[in-house]
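Chemist: Sequence:
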Amino acid sequence: MTIILGENRYGKAENRVFRVTRHGDTHEILDLNVSVQLSGDFAATHLTGDNRNVLPTDTQKNTVFALSHLHGAMEPEAFGLVLARHFLSNHPHILAVEVRLEKFDWDRIVCNGTPHPHAFRRNGSLIRTATVLASRTTTGVRELVVSGLKDLTVLKTTGSEFKGYLRDQFTTLAETTDRIMATQICARWHATATDAA
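With this note's numbering as the guide, the letters of the sequence shown map in order to residues 476 to 672.
Don't take every hint at face value.
DSS-like mimics (lysine-lysine), calculated; alpha carbons at most 27 Å apart, straight line [as the list claims (entries may be wrong)]:
id, residue 1, residue 2
1, Lys578, Lys625
2, Lys625, Lys536
3, Lys631, Lys487
Treat the hints as calculated values from the structure; they're not laboratory data.
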């Protein structure tokens with residue numbers, strides 16, 4: 476039986492970037508969870524134990540933190556592009572990079588009717604997401620940016636109807652022209668690298 480090494484990748488997940496930007500007494504927060512996956516010429520690692528092409532996951536983590544420090548607060552799509560471009564431009568044997576980011580929003584705590592300049596509570600209403608895929612091609616580098624959100628719960632107390640649906644022998648639900656409707660939204664959309672940068 477012949478064993479064939481298939482496509483593979485490795486990386487460092489769950490790198491937490493928490494950045495506080497201070498403008499006097501007023502502070503701004505950037506809270507990101509960043510995961511990096513690298514694909515490329517890693518066959519020797521798996522077949523012979525030769526690690527010369529392996530960028531340690533600890534180095535990947537340090538890269539996330541260092542580039543966050545160098546580039547300051549930025550939207551997740553833009554930061555994902557910074558990371559992907561860095562790994563591809565500095566390591567020719569890496570053929571593709573996937574960076575997954577989650578952005579957690581924080582709201583200022585209101586004290587005596589005024590937003591506090593440096594006290595926050597986590598806004599749990601949604602999580603912003605971004606995925607950046609960058610890969611080498613014969614003509615250069617191809618970049619794909621997917622923006623999104625997850626865990627957004629919305630509710631309407633009126634103005635929603637459900638009628639005209641398929642019925643069979645097990646349908647008991649009555650049609651309605653006005654109801655309370657709630658749902659949780661997870662959405663993703665493609666952006667261009669230019670839009671994200």
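Chemist: Of the numbered hints stated earlier in the document, which are not met by this structure?
Modeler: 3
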